[in-house]
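Start from the sequences and build out the full structure, keeping to the hints where you can.
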Amino acid sequence: MIEIARNVDPDYRAQFEAVPTADPRMETLRQLLVSREISELSRVTHLLNEPEQLAAAVGDVLPGAAARAPHSQLGEALAPAVERAVQRSIQKSPRTLTDILYPVFLPAIRKSIGEKIDQTFQSLNETLRHIFTWHGLKWRLEAWRTGASFSEVVLKHSLVYRVEHAFLIHRNSGLLIAHVTADNATSEDPQLISSMLSAIQDFVKDSFNEKEQSGLDTIRFGDLRLWSEVGPSATLVSVIRGNPPEELHEIVRDVLLRIHEGSSQALVDFDGDSSQLAGVEAQLQTCVELKQEGSNAGFPWLVAASALLLLSLAGGWFFLSWQSGQRWQTYVSRLETEPGIIVAEQHVSGGQFYIAGLRDPLAADPQSLLSGTEVDPAQVHSQWQFYQSLEPEFVLKRLTASLAPPETVRLSIVNDRIIAEGEAPESWIDRARVAAQQLSAGGPVFDISGVRDVSPEVREAERWQAYVSRLETQLGIVVAEQKIRDGQFYIAGLRDPLGTDPQSLLSGTQVDPARVHSQWQFYQSLEPEFVLKRLTASLYPPDTVRLSIVNDRIVAEGEAPDTWIDRARAAARQLSAGGPEFDISKVRDVSPEARAAEHWQYYVSRLEAQPGIIVAQQTVRGGHFYISGLRDPLAADPQALLSGTKVDPARVHSQWQFYQSLDPKFVVKRLTASLTPPKSVQLSIIQGRIVVVGEAPANWINRARAAAEQLSADGVVLDVSQLRELDLVELNHLRQAIQTTDIFFSSGKVVPGPEQMPVLDRLADQIKEFAQSARKSGVTARFMLTGHSDATGRETANASISAARAEAVRALLNKRGVAPELLLVRGAGTFEPAVPENSQAGSSTNRRVSITVNLD
Amino acid sequence: MLQKKICMVGGFAVGKTSLVRRFVQSIFSETYLTTVGVKIDKKSVALPDKTVDLILWDLAGEDDIGSFRVSYVRGATGLVLVVDGTRAATLAVALTLRERVEAEFGAMPFVLLFNKSDLADRWAISDGEINELRQRGWQIYLTSALSGEQVDDAFRQLALMVTK
Ligand SMILES: Nc1nc2c(ncn2[C@@H]2O[C@H](COP(=O)(O)OP(=O)(O)OP(=O)(O)O)[C@@H](O)[C@H]2O)c(=O)[nH]1
Ligand SMILES: [Mg+2]
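Protein chains in written order, with this note's numbering: chain F, 299 to 1154; chain S, 4 to 167.
In silico SDA-like links for lysine to any residue, alpha-carbon gap of 25 angstroms or less:
| # | chain 1 | residue 1 | chain 2 | residue 2 |
| --- | --- | --- | --- | --- |
| 1 | S | 46 | F | 479 |
| 2 | S | 42 | F | 519 |
| 3 | S | 53 | F | 569 |
| 4 | S | 45 | F | 524 |
| 5 | F | 695 | S | 63 |
| 6 | S | 42 | F | 660 |
| 7 | S | 53 | F | 486 |
| 8 | S | 46 | F | 741 |
| 9 | S | 46 | F | 567 |
| 10 | S | 45 | F | 494 |
| 11 | S | 45 | F | 737 |
| 12 | S | 45 | F | 569 |
| 13 | S | 42 | F | 737 |
| 14 | S | 45 | S | 72 |
Estimated spans, in silico, between C-beta atoms of each pair:
| # | chain 1 | residue 1 | chain 2 | residue 2 | range |
| --- | --- | --- | --- | --- | --- |
| 15 | F | 634 | S | 130 | 52 to 58 angstroms |
| 16 | F | 522 | S | 130 | 50 to 56 angstroms |
| 17 | S | 130 | F | 811 | 56 to 62 angstroms |
| 18 | F | 708 | S | 33 | 22 to 28 angstroms |
| 19 | F | 706 | S | 105 | 54 to 60 angstroms |
| 20 | F | 750 | S | 105 | 54 to 60 angstroms |
| 21 | S | 92 | F | 671 | 45 to 51 angstroms |
| 22 | F | 784 | S | 92 | 54 to 60 angstroms |
| 23 | S | 33 | F | 811 | 34 to 40 angstroms |
| 24 | F | 812 | S | 151 | 43 to 49 angstroms |
| 25 | F | 706 | S | 125 | 34 to 40 angstroms |
| 26 | F | 706 | S | 151 | 33 to 39 angstroms |
| 27 | S | 105 | F | 710 | 50 to 56 angstroms |
Just some of the chain F residues that point at chain S, by a computed CB distance under 7 angstroms:
| # | residue |
| --- | --- |
| 28 | 470 |
| 29 | 471 |
| 30 | 493 |
| 31 | 494 |
| 32 | 497 |
| 33 | 500 |
| 34 | 570 |
| 35 | 571 |
| 36 | 572 |
| 37 | 683 |
| 38 | 684 |
| 39 | 736 |
By construction, these hints were calculated from the structure, which means they are not laboratory data. We put the beta carbon where it would ideally sit given N, CA and C, even for glycine.
As structure tokens, then:
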């Protein structure tokens, strides 16, 4: 035993050193009894002493040991070490851990962030509402007791919702498999709803190229939410009123899962016959029993915690996108409240906003609603399908467009019903009735019971009465009697000839004039207005007299010759019997001479105001008028100005000297006449200076400069500095072509030979083209044909030959359609040879007609 | 509850919507409002041995086959192919649309409607042509959404075909 101990532990060996070992029998015995154990022990000892081997050995058994250890203890024992390890790892390189967790958490985080934010805002609102209420206190207590955050507790208690419907829809065909309703919830035909929902899903899928599996998640209509959970064969759509918690998704998903498990084959085989799937209704029923009380399920702490971790990492980025998301949400909720717009789906991804839905063509344009929201339109991708909204306002608009109600009918909306009131012909009422029937399928009620059928006779009689009462209010018309018989209208009475013609009052009343039979007796109305009219017609008051009515009296004011005053007095006496008073006391007597002198003065002042006319002196003597002065020939004619002044021309004696006015207006007129500026030039007067602007041919510019110089001596400024030389660039090569053309002649001949005819043809075309283009630019092109001769023969003969050649070419060009007035002719004899005249070639080259182009 | 999804397929303005309205609501209107996307209606048809709810998907008419949204036809059990008898070209459109649907979802029962039969003076399809199509065993009806002629017969026939 001692030996064993000695071998196992070195300390023991030392302790038992004193024991004698020399006994060989002992040794043998020992060999026999425990040699195997000894070697085993020494191997184990060795193992324990060698750290590397020990590590290898423990490594072999560690997984098994850990698995077998009691979990709670192992966890507790490992926790600090693992925590430290993770800490270290993060300190060293946070990336590694993030990379590891990324695929696990990303989907969950994405979803949670949205939900968390939603919830946080919900809770914030609610907290504010509940903070001072009795509930508020109770909830604070609960938060303190359970250790949950106050907002969490508030959230839990303030989510109020109810699942009102659950639709199980066959995914493939959109047909309804089953539908259950909460107590006292109502809906339209569930079969139709089911198909429409799947049509919307198809539409969204098509529009956004969504993948097959992902369906439309949520649709909101105001207070209602449609949540759809997509399963392999069927979609479960729950219609929820209120504010459901996100956990509800889980519950609904679970129901769908169980339905698929229970009836998977029947779902796959579904061909529209739902009797095979009668059992699922009971399962659906569990969905509609869900209400607020069912929402106590636990809050997903783990997910939320990871979400918050990432949230803080992504802090800055998140705030920005959150802000734009908020703006986006504001826009979306604005759209949602907009009548005639249904937002089917919207989401934000990668900083881009996607929205899809339905809109009535008559509704507001979603694009235009963007303005003012601070949402960048470039980031918005919308897909709108047109649909016809059945909201009463839209139906009203459409009805107004399609039925074109007559003016007598008024359409309005009362309690979501469209009401037509008024009067209309029978044909219109029939059309309205058809429209009302069509609408009855799903649309608002169109109530036309308030529209009275008016027979044409009644309508006509009403119009006639309107006409008669109009006549009765008319001054100078007295209606004695009127009646309607057999569709004909009869009226009789008195009328003043100066009053309105009853016939003319018919227009605009829609009474048929052909059926009106009137009998009017003329009478003289003594109402002041009529008397005034009659006086004006009979007395012809001069312009200086004004007649007016003051307190039923007729008053004349102003100046008149005594003859007129006498006539007026006579009229006033006649009137006094029964008629209104005619007061002429305010009319002054004017002598004809004074009147004539006034007229003359008016004429003179008119002349003095005239530019280009200077009145030197004028007098009135013995009833005659004398005037003298200067006038520019371009100024108005003083004689012509007499007309309309009431000055008798026979008594006017004028003496006018012509002079050239330096008034810029006159200078411009003179310049225009003398310089004939091309169209491309404009003369205008700017602050007393004459400014010439535009483009003109060089020689016109020269003439304008000369004129400017002359004028400057008279103190008139003619500014030609802004004139530019007309640059007919596009014509330059044509001009070149024309000017380098020569027509050649045989010796002694004045008519070019037949070989020159093609040259002449081409030349004629070029000249015509040039002349036309120049005219378009406002200038006239002229072509100088210069004839030349060679030096043989006498000089006088040569001179006339050269002129004759130019004439011949002019005639030939004229024959080819060139206007003769564009062609100038000149003979140069031998004085302008093209080449020196000392060879055969020289002579034949010089016998020619050359052409130069001038512009003016 | 027995339901079948039926799609109205055909060119532009051939009268698909009008036929559905005639069949479902027994009314007709001259005014033309083109269908955008899809419109869904329902009508129960009583057959000798059962009643079937036809869920009628009235698709927007497309003369351009490329823009036809074939995905709306998924899950349908029958087609109503509509041709405007006064426009010969709409026959080719209807037939091409049917081929397109069959390529996507396989063969399915259909009835072929030559609509607007009340417009006899503008009729543009020869009897020979119609007979030739009948030879193929197709169910063909000359319908009028205006007068209602043959409309019920056509839908009833399709109801029989899809419930067999
Ligand atoms: N005379 C006559 N007109 C018809 C008939 N059926 C339809 N119409 C007219 O044809 C036009 C088009 O009818 P819709 O029913 O709107 O045609 P649709 O095929 O639905 O057209 P889309 O929706 O644009 O593809 C309308 O003006 C109808 O009044 C018919 O049987 N006879
Ligand atoms: Mg249509």
